[in-house]
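Colleague: In the working numbering, the protein residues as written are 7 to 90.
No lab work stands behind these hints, which were simulated from the structure alone. Fair warning: there could be bad hints in the mix.
Here are the in silico distance ranges between beta carbons for each label pair [unchecked claim]:
(1) Leu23 x Arg58: 25 to 31 Å
(2) Gln76 x Glu49: 20 to 26 Å
(3) Pro32 x Glu59: 34 to 40 Å
(4) Arg22 x Val55: 32 to 38 Å
(5) Cys57 x Glu30: 30 to 36 Å
Beta carbons: idealized from backbone N, C-alpha and C, even for Gly.
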Amino acid sequence: MSAPDGRIADLQLAMRLIADAVDELPAECREVAGNALLNVAAEAVAQDVGCREASRIFARLADLLSRGLQPPVADALSLTAFDA
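I would like the entire structure built from these sequences, with the hints used as guidance.
Modeller: Next up, the structure:
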């Protein structure tokens with residue numbers, strides 16, 4: 007397992023690669039890319055931490071979004087219990 011700084015760097019790299027890949031999608035697919043990514047992310051998070059913790063993570067994300075705080079594409083926004 008990577009050190010916390012390594013995990014953040016890996017997460018930032020993954021986000022950049024995903025954002026670049028979305029830009030390369032056919033125009034008719036780009037408008038649904040966010041929903042598709044959300045489905046993939048929700049499944050991955052639930053598998054990684056379990057449904058109960060995933061629900062807490064998504065609740066924290068919902069709280070941030072309801073306050074107008076959108077996670078940046080280029081920077082990692084950690085939602086885990088370790089820094090909440």
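Colleague: Could you check the hint for me, namely that arginine 22 and valine 55 are 32 to 38 Å apart, CB to CB?
Modeller: Violated: the Cβ-Cβ distance is about 23 Å, outside 32 to 38 Å.
Colleague: Quick check on a hinted range of 30 to 36 Å for cysteine 57 and glutamate 30, using CB atoms only.
Modeller: The hint (30 to 36 Å, Cβ to Cβ) holds, given that cysteine 57 and glutamate 30 are roughly 32 Å apart.
Colleague: For the pair glutamine 76 and glutamate 49, does the Cβ-Cβ distance stay inside 20 to 26 Å?
Modeller: holds, 22 Å
Colleague: Can you tell me whether the CB distance of proline 32 to glutamate 59 sits inside 34 to 40 Å?
Modeller: holds, 35 Å
Colleague: For leucine 23 and arginine 58, compare the CB-CB distance with the range 25 to 31 Å and indicate the outcome.
Modeller: holds, 29 Å
Comparing the model with each numbered hint stated earlier shows that hint 4 is the single one that does not hold.
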